[in-house]
Amino acid sequence: MRVWRERTYTRSPKAGSSWFGRSLCLGAALLLIPSGFSKEGMDRDARIEIIRGLLRESGVTKIAMPRGGKGLKLDSQGKVDEARAQTEMRANGMALKAGMPVEITKITFKSKELIFELNGGGKSGKKWYQHIEIGMGTQTAPIGPVQQETMVAYGSSVTVDFGKPVPDLTVPQVKQLLSGVLDFERHSPTELYSPTLPPKVKEAIKNHEVLVGMDRDAVLSAKGPPDRRVRETRDGSEQEDWVYGTPPHVLFVTFDGDQVVKVKQY
Numbered sequence: 001m002r003v004w005r006e007r008t009y010t011r012s013p014k015a016g017s018s019w020f021g022r023s024l025c026l027g028a029a030l031l032l033i034p035s036g037f038s039k040e041g042m043d044r045d046a047r048i049e050i051i052r053g054l055l056r057e058s059g060v061t062k063i064a065m066p067r068g069g070k071g072l073k074l075d076s077q078g079k080v081d082e083a084r085a086q087t088e089m090r091a092n093g094m095a096l097k098a099g100m101p102v103e104i105t106k107i108t109f110k111s112k113e114l115i116f117e118l119n120g121g122g123k124s125g126k127k128w129y130q131h132i133e134i135g136m137g138t139q140t141a142p143i144g145p146v147q148q149e150t151m152v153a154y155g156s157s158v159t160v161d162f163g164k165p166v167p168d169l170t171v172p173q174v175k176q177l178l179s180g181v182l183d184f185e186r187h188s189p190t191e192l193y194s195p196t197l198p199p200k201v202k203e204a205i206k207n208h209e210v211l212v213g214m215d216r217d218a219v220l221s222a223k224g225p226p227d228r229r230v231r232e233t234r235d236g237s238e239q240e241d242w243v244y245g246t247p248p249h250v251l252f253v254t255f256d257g258d259q260v261v262k263v264k265q266y
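Residues in the sequence shown are numbered consecutively from 1, following my numbering.
Think of the hints as simulated: they come from the structure by calculation, not from any bench.
Mixed in with the good hints there might be a few duds.
Straight-line C-alpha distance at most 25 Å; calculated DSS-like pairs for lysine-lysine [what the hints assert, rightly or not]: (1) Lys175 with Lys79; (2) Lys223 with Lys264; (3) Lys223 with Lys97; (4) Lys79 with Lys62; (5) Lys223 with Lys202; (6) Lys70 with Lys175; (7) Lys206 with Lys164; (8) Lys97 with Lys70; (9) Lys97 with Lys175; (10) Lys110 with Lys79; (11) Lys223 with Lys262; (12) Lys164 with Lys202; (13) Lys206 with Lys112; (14) Lys70 with Lys110.
Go ahead and model the full structure; you've got the sequences and the hints to work with.
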C-alpha cells in the first residue's frame, strides 16, 4: 500500500532575505523531504529544484485573486477555474488586485496538486507587532496601535490541480503553468520604471529609501519584498502596511491602493 504524505515548505520568518537566509530556509525544507517516499507524484530532486527556484520568488499578479483559504485553482494546462474564482470572490472578497507585487511564501506538495501561497496566504490574524513595546526601564510604549483587534487577510493562493499524480516538473515549466495569473518577469521594477521616474524617486531608490507618493514597484525597487504585509480598513478605505525589519528598528510603509500615503520609521 502506498501512503502519500503532504509536504509543505514555507519561508522562515527569521531567515531574512539574504543569501544566508535563503540557505537556512532551503536547508530546513530539505530536512523535511524523506529519502524513500513513494514515487507516486513528483520525486525528491524535482521538489528540491522547485523549492530552490520558487520559494520566496516574487512576481506581479495578472488577475484579481480572492481572499480565503482556497484562492485560485488552475488545471494541468494552467487554465483558471473561472466559476470557482467568481464564487470565492463573492464569498470572501478580493485579496489582491491585478498588477500587485506578490511573493511565494509557502509551497505545498500533494499527490495531485501543487499549492502556492502568496503573501502569507488567505489566513487571518492580528498584527505581529501589536504585543511588542519598546522603551527604557518602566517607560515603554507599543510600536503600533493596540486598541484595535482587527483581523486582517494577508494574501491568496494558487492551486494547480493535475487530476493525476503530479509529474516531475522543472522551475520554468511551473512558471509557465502559473504564467496566466503571475508575471515573474517584472520582479526587477527598476528596469521598467527608470525611463519615467522623477529624479527624486530615482535617487530615493538608489539610496534604498521610501517616499510618500511612490507606487508598489518603486518600493520593491528601493527596499525589496517586505518582511510582513498587513491589510486593514481605516476610515472606510482599505490600506496595506508593508513592514520591514524587527524591533526596535522597524519601517512601516502604508499603501492606499497602489500609492504610498505614509512612511513611519521606528
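**OP:** Could you tell me which of the numbered hints above are not met by this structure, giving the numbers in increasing order?
**Re:** Of the numbered hints given earlier, those the structure breaks are 7, 12, 13, listed in rising order.
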